[in-house]
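> Here's the letter readout for the chains.
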Amino acid sequence: MSMRYAIPEGGRLKLLSGSGSVHVIAEARDDVEIDQPRAHVEVRDDHVLEVRSKSGSVTARCPTGARVSVGVISGSVRLEGEFGSVKVSAISGSIHVDQVQGDVDIRSVSGSLTLESCGGNCSMNTKSGRITVGEVGKGLQAATISGTIEGATAGQGAVEVKSISGSVSLQVPEGRHPHAKFKTLSGRVRCDCPAGEDFDLKVTTLSGSIEITKA
Amino acid sequence: MTPARAATAVRTVEGAIAFTDIVGFTEFTALQGDEAALDLLARQDRVVQDTIAGQGRVVKNLGDGLMLWFDDPCAGIRVSLALQERFEQESMTEDLPLWVRIGVHFGRPVRRGDDLIGHDVNVAARIAALAAPGEVLVSEACTGRVADQVPEVHFEEVGPTMMKGIPEPIALYRATILA
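Those protein sequence lines, which keep their order, are chains G and R.
Going by the working numbering, the first residue of the first sequence is number 5, and it counts up by one from there.
Going by the working numbering, the first residue of the second sequence is number 12, and it counts up by one from there.
I should point out that these hints are in silico values taken from the structure, not numbers from a laboratory.
Accuracy of the hints is not assured; some may be wrong.
Unchecked claim - Here are the computed lysine to any residue pairs in the SDA-like style, where the Cα-Cα straight-line distance is at most 25 Å:
1) R:K175 with G:P41
2) G:K187 with R:S102
3) G:K206 with R:S102
4) G:K142 with R:L189
5) R:K175 with G:V45
6) G:K185 with R:G129
7) G:K185 with G:A219
8) G:K187 with R:D106
9) R:K175 with R:G129
10) G:K58 with R:G129
11) R:K175 with G:S25
12) G:K218 with G:Q160
13) R:K175 with G:V113
14) G:K58 with G:G106
15) G:K185 with R:L109
16) G:K206 with R:K175
17) R:K175 with G:R42
18) G:K187 with G:E139
19) G:K185 with G:P198
20) R:K175 with G:S114
21) G:K185 with R:K175
Unchecked claim - Some chain G residues flagged as far from chain R (calculated, every beta-carbon gap over 10 Å):
22) G22
23) P67
24) S80
25) Q103
26) G141
27) A147
By construction, the Cβ of each residue, glycine as well, lies at the ideal position given by its N, Cα and C atoms.
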């Protein structure tokens, strides 16, 4: 059984889950539909529609362009569709986010992170998972210890990527020339892009290889 | 009072607890060996001792991290940010990066001798685990205490956080120095 709620004007959808997967679908609609009968739902004074679930999977449907934040202890998080801005934290569990018009902050202690595209600034951090970024419109900050990092930047904002042992592979658009700084202790470095001053690109690894190619 | 408690002075204190954690220390040790790992720890210790002087204290060493205490939460935030700046400088001048996560929380732990224990200590440790390399994450309990007493610091909410064993979500903020 699902329940429907009005989302406050200019408001934000906030989902909190103890254990269980969280699936949020942004689609053409005006309200929010929650498919988890045991969830506690509250409209707060600060224009936040807050959904709390101790256990079990939660599926929420919200308007396209909604601002969404999610916090889970254990369980995967999937945000499908186009969102305004996204903030997700998980202690353990993978996070997948489709499209975001604005800024993104996603972090997991252990779990892989995937973002299809982001129009604003993007921050992605995990201890042990892989990080995959389709394209970032502005700045990108990404860090992992052992996972690989793959992504593409529009070359419009500073890019800073850190990995201990995972490899880093980034694509830069043709015609954008990074002011690049690469630092690695034992990894191989390959950069196909001509140096320039269009944007800062800083990649540091201990043993992971670094590969920068033209998109 | 039990004999054990009587033997060690126990009292509740109020202030900021911070945890530092060297990112990827296990992998670093495996790749570079024990000597390099010891050097890295020594660099962290030196930076912390220099920066914290007179403003707080190192409660204990946790292997690849430290537990810090500040009577004044403003000092806790300022020192944490200063530490990240120093770690960044160290990483630029040395071959080996010194990437550190820092989590700061305000609370009322129990002081037992020189040690601190309690729920708020556990919360602070878990906040640090969620921080990115080079980042200072601060709990709402701490930002609420400092209010406008640290005008040079910008707090940006990073979203709700659920933590194992802690029933209520904790709002976390990324602290940065205003340009």
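> Would you mind marking each hint as holding or not holding in the structure?
Taking the hints in turn, this is what the structure says about them:
1. R:K175 with G:P41: OK: K175 (chain R) and P41 (chain G) at ~23 Å, within 25 Å.
2. G:K187 with R:S102: holds, 10 Å
3. G:K206 with R:S102: This hinted pair holds, its Cα atoms lying about 13 Å apart.
4. G:K142 with R:L189: Between K142 (chain G) and L189 (chain R) the Cα gap is close to 20 Å, so the pair holds against 25 Å.
5. R:K175 with G:V45: holds, 21 Å
6. G:K185 with R:G129: Answer violated: K185 (chain G) to G129 (chain R) is near 43 Å, above 25 Å.
7. G:K185 with G:A219: holds, 19 Å
8. G:K187 with R:D106: holds, 8 Å
9. R:K175 with R:G129: Distance ~15 Å between K175 (chain R) and G129 (chain R) Cα, so the pair holds.
10. G:K58 with R:G129: holds, 24 Å
11. R:K175 with G:S25: holds, 16 Å
12. G:K218 with G:Q160: holds, 15 Å
13. R:K175 with G:V113: holds, 12 Å
14. G:K58 with G:G106: violated, 29 Å
15. G:K185 with R:L109: Holds - the C-alpha atoms of L109 (chain R) and K185 (chain G) are around 17 Å apart, at most 25 Å.
16. G:K206 with R:K175: The given pair, whose Cα atoms are some 34 Å apart, is violated under the 25 Å limit.
17. R:K175 with G:R42: At roughly 20 Å apart (the allowed maximum being 25 Å), R42 (chain G) and K175 (chain R) satisfy the hint.
18. G:K187 with G:E139: holds, 23 Å
19. G:K185 with G:P198: Roughly 13 Å separates the two Cα atoms, so the pair holds.
20. R:K175 with G:S114: Since the Cα atoms of K175 (chain R) and S114 (chain G) sit roughly 14 Å apart, the hinted pair holds (cutoff 25 Å).
21. G:K185 with R:K175: violated, 38 Å
22. G22: violated, 6 Å
23. P67: holds, 19 Å
24. S80: Non-interface label on S80 (chain G) holds, nearest chain R Cβ at 14 Å vs cutoff 10 Å.
25. Q103: Q103 (chain G) is indeed farther than 10 Å from all Cβ atoms of chain R, at 18 Å.
26. G141: Non-interface label stands for G141 (chain G): nearest chain R Cβ at 19 Å, farther than 10 Å.
27. A147: Check fails; 5 Å does not lie beyond 10 Å.
In summary, the numbered hints that this structure violates are 6, 14, 16, 21, 22 and 27.
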